[in-house]
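2 protein chains.
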Amino acid sequence: MNRLCSIASLAALALAAPLSAQEADKPEYPSPGEIVKQATPEEWLAIAPSDLLVMDLAPDAAGEARRVIIQLMPEPFSQGWIRNIRKLAAAHWWDGTSINRVQDNYVVQWGDASEKKALPEGLETVPESEYVTPIADDMVINGMATHIISQASNDKYFPSNGKDPYTNETSFMTGWPFGFADNGVSPVHCYAAVGVGRNLSPDTGSGAELYTVIGHAPRHLDRNIAVVGRVIEGIEHLSSLPRGKGDLGFYEDEGKRVPISSIRLASALPTADQPRFEYLNTDGDTFAKYADARANRRDPFFNLPAGGADICNIPVPVRRVKAE
Amino acid sequence: MNRLCSIASLAALALAAPLSAQEADKPEYPSPGEIVKQATPEEWLAIAPSDLLVMDLAPDAAGEARRVIIQLMPEPFSQGWIRNIRKLAAAHWWDGTSINRVQDNYVVQWGDASEKKALPEGLETVPESEYVTPIADDMVINGMATHIISQASNDKYFPSNGKDPYTNETSFMTGWPFGFADNGVSPVHCYAAVGVGRNLSPDTGSGAELYTVIGHAPRHLDRNIAVVGRVIEGIEHLSSLPRGKGDLGFYEDEGKRVPISSIRLASALPTADQPRFEYLNTDGDTFAKYADARANRRDPFFNLPAGGADICNIPVPVRRVKAE
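Residue numbers (my numbering), protein chains in the order written: chain A, 55 to 378; chain B, 55 to 378.
Rather than coming from a laboratory, the hints here were simulated on the basis of the structure. Among the hints, erroneous ones may be present.
Treat identical chains as interchangeable: a pair holds within one or across any two.
Derived DSBU-like pairs (lysine-lysine); straight-line CA-CA distance at most 30 angstroms [as the list claims (entries may be wrong)]: (1) Lys-141 to Lys-343; (2) Lys-376 to Lys-343; (3) Lys-310 to Lys-299; (4) Lys-343 to Lys-310; (5) Lys-376 to Lys-170; (6) Lys-141 to Lys-91; (7) Lys-310 to Lys-141; (8) Lys-299 to Lys-170; (9) Lys-343 to Lys-170; (10) Lys-171 to Lys-376; (11) Lys-141 to Lys-299; (12) Lys-299 to Lys-343; (13) Lys-170 to Lys-91; (14) Lys-171 to Lys-299; (15) Lys-91 to Lys-299.
Let the sequences and hints guide you as you build the complete structure.
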C-alpha cells in the first residue's frame, strides 16, 4: 500500500484493510471473513424457522421498518424458558409491549412496562439447575458427541487454550459458544446473546422479560441467568437506541419506550415471509480455520498475532439465505 | 424480596437489584458499586485538565448538546501519538471534521472525511516499537513501581488469575488496564478505549484519525495499533449513533456524518469551564475489593461467583467532581 494515499483511504483502512486492497495484494493469510467465504455449501447448516423469533418494532422516526431476528438455543439448553417463549409468541403476548431499558455497554431489555398484562396460562417455573447442563460421556447434542470437550489440546475447539477466567474452558457446539465447568455446560453471555430477566433467587424468570447484550460480554451473568438465544439480524435497531437515563438504563420518560408491534416464531408466518438463515458448522474445517484466524490475525493489517482469543471474540458466522 | 412483586419491579430487578432493595436487605456482600462508594476521599485521584480532550459534536436532532470527554493515557505510554493529538487540538484541526464510521459491536471513528485538510506541521512519525513499553525492574509509572507485575499470586492486581488468552497476564497501573507480554506492557482495547487509525504497516497513524470501541473488547488489536486514551463521559453520544451501511460501517450517505464542532484540551478552556474528573486509585484497598467483587459477584442477585473476570469486565471507576 502507498503510504501517501488519501486520508479517505486511510480512514477506510484504519482498522482493517478492505477486501479490494487485500485481494490486490493476494496475501498469504486471508482474513477471517475471507476464510468464511471459502466454506463449502455443505458447511452451512439451516436454522429451522421454528427456532427463529421475529421481533418487529414500531417504525423509526424516518418511517423505516425495524425488524430484529433472534435464534433460539437448541436442545437441551434452556428449554423450559424456550417453551415459555414459544407460548408467549403464540399468544401474541409481546404485541403492544415495549423496549424499556437501554443501558450503555450492557443490555437492551423489553417486556411489559404496564405491570398489568396477564401472562398466558401454563408457563413453566424453571428451576435454577437448568442454568447448567451436566456433561455425560455419551451426551449427543444435535448429532454431535460432546467428546470434543475432552480434546483440550485441540486449538480447533479451544481457541482460548484453557485461559478463560470464568470457566475451565470454552468451546463451540452446534453453532453456539459454551463454557465448561466442573458441574456442566452453560451458554455464554457474548455480544447479542438473549437472556431471561428475573427477580432475586430462586426466581428464574418466565421468559416474558428478555434482554440482549449490547456491550462487552457480561460473563459474570453466566450460570446466574438463563441464556435462551442470540440476535442474528437487526441488532443495530437495539444497540443504537438512546440510552435510558434512569437507574439501570430504564427510560424515565415513557415516551422514549420503543413499541413492539409483534413477536412471532418465523414458523408462524406465511411460508413466503419466513426468513431463512444458516450458520457455519462449528465442527467443520472452515470454522476451525476461521477461529484460528480470529485468534491469530495474520492478514495484512496485523503485525502481531495474539496467540489466542476469548470465546466472545469469535462470533459464529450466520448468513441470510433466500427462501426455498 | 417478595416474589409476588409487580412486573415493573421484576423489570427493575431483572439484571441487578436496585440499591434501595439491597440497602433494605443489608446484604453481607455489597455490590461493586457500593464498594466504590465506600472509598475514602484520598483514594480518588485527580485527572489533570491537560490530560482531558473535550469533543463537542453538533447538537442532536432535538437540539441537545453532545459532549464527549476523553482521558489521555499517562506517560510513558503512546506519548508520540499523544503529543500529536495535543498539537492537533491546539491547531483546532478537528473543528469541522466529522464522525464518519459507526460499525456495530466494533468502533466509532472520526476525522477528516474531505481528504483535503492539511495536517499541522511538526507531527511525529511514531515507530511501531511504541506499541509496547519494555518492562524494567526499576520502572516507575506515575509514581508507582511496576514491581507489582511480579506479584502474580496477588488477586488484587490479577483478577484473571493468569487466564488471559491474549497475553501472559493483565493488570491495572495508574488507573488503566494493561496486558503484560514477554517483551513489555501494552494498553488494552477495552470498551471505550480510544485508538489511532492507521494505514498498513509500517504506518502507525498520526493521531488525526481516532476511534473508540463500542462493543466487545477487540483485543486482537492490542499491540497492533496505538491506544491513546478512553472515553470517560458521553460515550452514549457515540455508541447510540446509527450504524453506517457501507463497508466497515462507514456512512455511505454523507448526510449521516456527525459534525464535530470542536475538540480541545480541557486545559485550553477557561478555568471555570474545565471539567474535573477523578479515578479510583487502582493501587488502593477499595479498588482491590471492587475488582474482587467484579470477579466474584456475591451481591444478592447472584447465585454463583465466577471466580475470575477478564480485565475489560472490571472498568476502572471514574467520577466527575465539581470545579475547584
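Evaluated hints:
In the homo-oligomer, the alpha carbons of Lys-141 and Lys-343 never lie at most 30 angstroms apart, since the shortest distance is 39 angstroms inside one protomer and 43 angstroms across protomers. Taking the closest pair of Cα atoms, Lys-376 and Lys-343 come within 30 angstroms of each other only inside a single copy of the chain (26 angstroms); across copies the shortest separation is 53 angstroms, beyond that limit. Taking the closest pair of Cα atoms, Lys-310 and Lys-299 come within 30 angstroms of each other both inside a single copy (10 angstroms) and across two copies (25 angstroms). For the homomeric pair Lys-343 and Lys-310, neither the shortest alpha-carbon distance inside one copy (44 angstroms) nor that between copies (37 angstroms) is at most 30 angstroms.
For a Cα distance limit of 30 angstroms, the shortest separation of Lys-376 from Lys-170 qualifies neither inside one copy, at 40 angstroms, nor across copies, at 43 angstroms. Proximity of Lys-141 to Lys-91 under the C-alpha cut-off of 30 angstroms is found in neither arrangement, the shortest distances being 37 angstroms within a copy and 43 angstroms between copies. Taking the closest pair of Cα atoms, Lys-310 and Lys-141 come within 30 angstroms of each other only inside a single copy of the chain (28 angstroms); across copies the shortest separation is 40 angstroms, beyond that limit. With identical chains, the CA atoms of Lys-299 and Lys-170 are at most 30 angstroms apart within one copy only, with a shortest distance of 24 angstroms there and 39 angstroms across copies.
In this assembly of identical chains, the alpha carbons of Lys-343 and Lys-170 never lie at most 30 angstroms apart, being 51 angstroms within a copy and 41 angstroms across copies at closest. Taking the closest pair of Cα atoms, Lys-171 and Lys-376 never come within 30 angstroms of each other, the shortest separation being 37 angstroms inside a single copy and 44 angstroms across copies. With identical chains, the CA atoms of Lys-141 and Lys-299 are never at most 30 angstroms apart, being 33 angstroms at best within one copy and 35 angstroms at best between copies. Taking the closest pair of Cα atoms, Lys-299 and Lys-343 come within 30 angstroms of each other only across two copies (28 angstroms); inside a single copy the shortest separation is 43 angstroms, beyond that limit.
Proximity of Lys-170 and Lys-91 under a CA criterion of 30 angstroms is satisfied in neither setting, with 49 angstroms inside one chain copy and 36 angstroms between copies. For the identical chains of this complex, Lys-171 and Lys-299 are intra-copy neighbours only, at 25 angstroms inside a copy versus 38 angstroms across copies, given an alpha-carbon limit of 30 angstroms. In the homo-oligomer, the alpha carbons of Lys-91 and Lys-299 lie at most 30 angstroms apart only across protomers (20 angstroms), although the nearest pairing inside one protomer, at 42 angstroms, exceeds that limit.
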